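Respectively, the protein sequence lines represent chains A and B. With my numbering applied, the first sequence covers 92 to 334. With my numbering applied, the second sequence covers 92 to 334.
Just so you know, these hints were derived from the structure itself, not from any lab. None of these values were measured; they are calculated from a predicted model. By construction, the Cβ of each residue, glycine as well, lies at the ideal position given by its N, Cα and C atoms. It is possible that some hints are incorrect.
In the EDC-like style, the derived pairs of lysine to aspartate or glutamate whose C-alpha atoms are separated by at most 20 Å in a straight line are [as the list claims (entries may be wrong)]:
#	chain 1	residue 1	chain 2	residue 2
1	B	K103	A	D323
2	B	K270	A	E187
3	B	K270	A	D166
4	A	K215	B	D242
5	A	K103	B	E310
6	B	K214	A	D256
7	B	K322	B	E310
8	A	K214	B	D242
9	A	K214	A	D323
10	B	K215	A	D242
11	A	K270	B	D242
12	A	K270	B	D166
Far from chain B by the CB rule (all over 12 Å, computed), these chain A residues [unchecked claim]:
#	residue
13	D136
14	D142
15	G158
16	P221
17	T231
18	P240
19	A321
Read off the chains here:
There are 2 protein chains.
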Amino acid sequence: MPSPDLPFGSVKALVFDVFGTVVDWRGSIIRDVEDLARRKNLRVDAAQFADAWRAGYAPTMNRVRTGELPWTKLDALHRRILDRLLVEFGLTTLSETEIVALNLVWHRLQPWPDAVGGLTRLKKKFVLAPLSNGNLSLLTDLARYGGLPWDCILGAELVRHYKPDPEVYRSAADFLDLKPVEVMMVAAHLIDLRAAKAVGLKTAFVPRPLEFGPAGKPELQADASVDLTAKDFGELAERLGAV
Amino acid sequence: MPSPDLPFGSVKALVFDVFGTVVDWRGSIIRDVEDLARRKNLRVDAAQFADAWRAGYAPTMNRVRTGELPWTKLDALHRRILDRLLVEFGLTTLSETEIVALNLVWHRLQPWPDAVGGLTRLKKKFVLAPLSNGNLSLLTDLARYGGLPWDCILGAELVRHYKPDPEVYRSAADFLDLKPVEVMMVAAHLIDLRAAKAVGLKTAFVPRPLEFGPAGKPELQADASVDLTAKDFGELAERLGAV
């Protein structure tokens with residue numbers, strides 16, 4: 092086992108991006124949509140549907156970030172995108188109850204295979220929290236669904252700003268009463284790590300090669316914003332000396 | 092085993108007062124202060140000290156509730172009270188490091204003997220969260236210290252209002268995306284349950300006869316604000332059908 096990286100001796104808490112970094116949103120949504128299609132006898136390309144839903148995420152959130160929309164929980168943003176997609180994909184026979192249930196697929200996403208084991212090891216040494224754009228109820232449901240052993244739930248809703256706004260990253264240190272350098276952001280996305288680094292957090296990059304499916308173009312190479320790279324949460328625990 | 096109370100079939104989440112209801116603040120502080128006194132060769136009535144510290148809590152918090160003080164985390168309010176008590180009790184030889192450590196005793200309070208077992212049962216059926224005046228880092232540390240299996244941390248700091256301000260109780264339902272009637276407040280104190288009831292939450296009263304020590308005067312009788320009374324968290328789990 093490699094010895095722990097001493098430059099990270101200051102770190103007391105790890106905060107995690109969730110969608111893509113901790114959970115496999117794409118695979119989970121594909122399975123859920125395929126299941127719905129079978130039950131309702133609908134024809135839909137579930138992978139294309141999942142990708143389109145996720146593609147609506149950044150632009151819709153940016154309307155909140157720029158002030159065009161008032162603060163809106165991610166559940167409600169997901170619903171706005173979903174309403175558009177149901178028309179575009181011709182899925183116009185679903186009832187309101189079925190649409191509500193489909194929108195809540197974001198509350199039941201499967202963790203990557205290494206996630207729970209890695210987090211369980213890391214929790215012995217560090218305070219663990221998600222730092223996600225998901226609303227608090229979504230993150231709470233995900234934790235119960237996937238057995239994610241968070242110590243508390245942090246993120247966008249608590250400060251009514253979406254990542255990568257600096258307020259979100261600063262709030263992690265503020266809520267935990269830590270210095271920024273005592274908090275490490277863990278993410279599969281460099282945009283997240285760059286914004287975390289800019290306010291003084293430590294950063295760990297955990298690439299997720301399969302996040303966007305077999306034809307996806309995930310980020311695989313660290314850049315200057317990254318303090319530590321690990322191939323999964325198990326290696327992250329080793330590198331940080333959490334046995 | 093008694094069958095679950097059907098009137099509570101709507102309840103999906105339980106939120107808990109913490110100081111006195113989940114953890115034994117008084118016994119924990121007495122032990123900590125006695126230990127400090129031994130190490131530093133100080134003479135202090137640790138029970139009197141614990142009671143005086145807690146007695147400063149409501150008046151200091153009310154200065155925030157009335158707007159006399161801006162929003163201040165409970166850790167900082169505890170420190171203001173502590174600074175006064177150190178003079179009153181003649182404990183003027185402590186270093187700043189020792190005072191900081193003493194103030195953090197509120198982050199390492201022992202759960203009542205039934206708390207962890209009862210919460211573990213309740214968690215199988217309900218979302219569980221503290222709804223406390225303690226700041227988020229305090230509640231997170233308490234959970235790690237005592238093994239409290241919360242799903243998320245709610246409370247005063249997230250809305251910058253102290254209980255019994257109605258904003259705190261409302262925020263529990265808002266953050267969890269539940270109706271007030273789907274949330275049950277659990278507390279050993281009727282002031283908490285009355286305020287929860289006033290905004291539509293369900294209420295459970297769990298008296299804690301020893302909270303204020305052998306000479307204390309705890310509340311033991313429910314009033315009209317109480318929907319359900321249980322002698323401890325084990326009985327609460329039974330009454331709510333959480334096996």
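We went through each hint and held it up to the structure:
{"no.": "1", "hint": "K103/B x D323/A", "in the structure": "violated (35 Å)"}
{"no.": "2", "hint": "K270/B x E187/A", "in the structure": "holds (19 Å)"}
{"no.": "3", "hint": "K270/B x D166/A", "in the structure": "holds (16 Å)"}
{"no.": "4", "hint": "K215/A x D242/B", "in the structure": "holds (18 Å)"}
{"no.": "5", "hint": "K103/A x E310/B", "in the structure": "violated (40 Å)"}
{"no.": "6", "hint": "K214/B x D256/A", "in the structure": "violated (34 Å)"}
{"no.": "7", "hint": "K322/B x E310/B", "in the structure": "holds (12 Å)"}
{"no.": "8", "hint": "K214/A x D242/B", "in the structure": "holds (15 Å)"}
{"no.": "9", "hint": "K214/A x D323/A", "in the structure": "holds (15 Å)"}
{"no.": "10", "hint": "K215/B x D242/A", "in the structure": "holds (18 Å)"}
{"no.": "11", "hint": "K270/A x D242/B", "in the structure": "violated (25 Å)"}
{"no.": "12", "hint": "K270/A x D166/B", "in the structure": "holds (16 Å)"}
{"no.": "13", "hint": "D136", "in the structure": "holds (30 Å)"}
{"no.": "14", "hint": "D142", "in the structure": "holds (26 Å)"}
{"no.": "15", "hint": "G158", "in the structure": "holds (22 Å)"}
{"no.": "16", "hint": "P221", "in the structure": "violated (10 Å)"}
{"no.": "17", "hint": "T231", "in the structure": "violated (5 Å)"}
{"no.": "18", "hint": "P240", "in the structure": "violated (9 Å)"}
{"no.": "19", "hint": "A321", "in the structure": "holds (23 Å)"}
Hint check: violations occur at hints 1, 5, 6, 11, 16, 17, 18; the rest are consistent with the structure.
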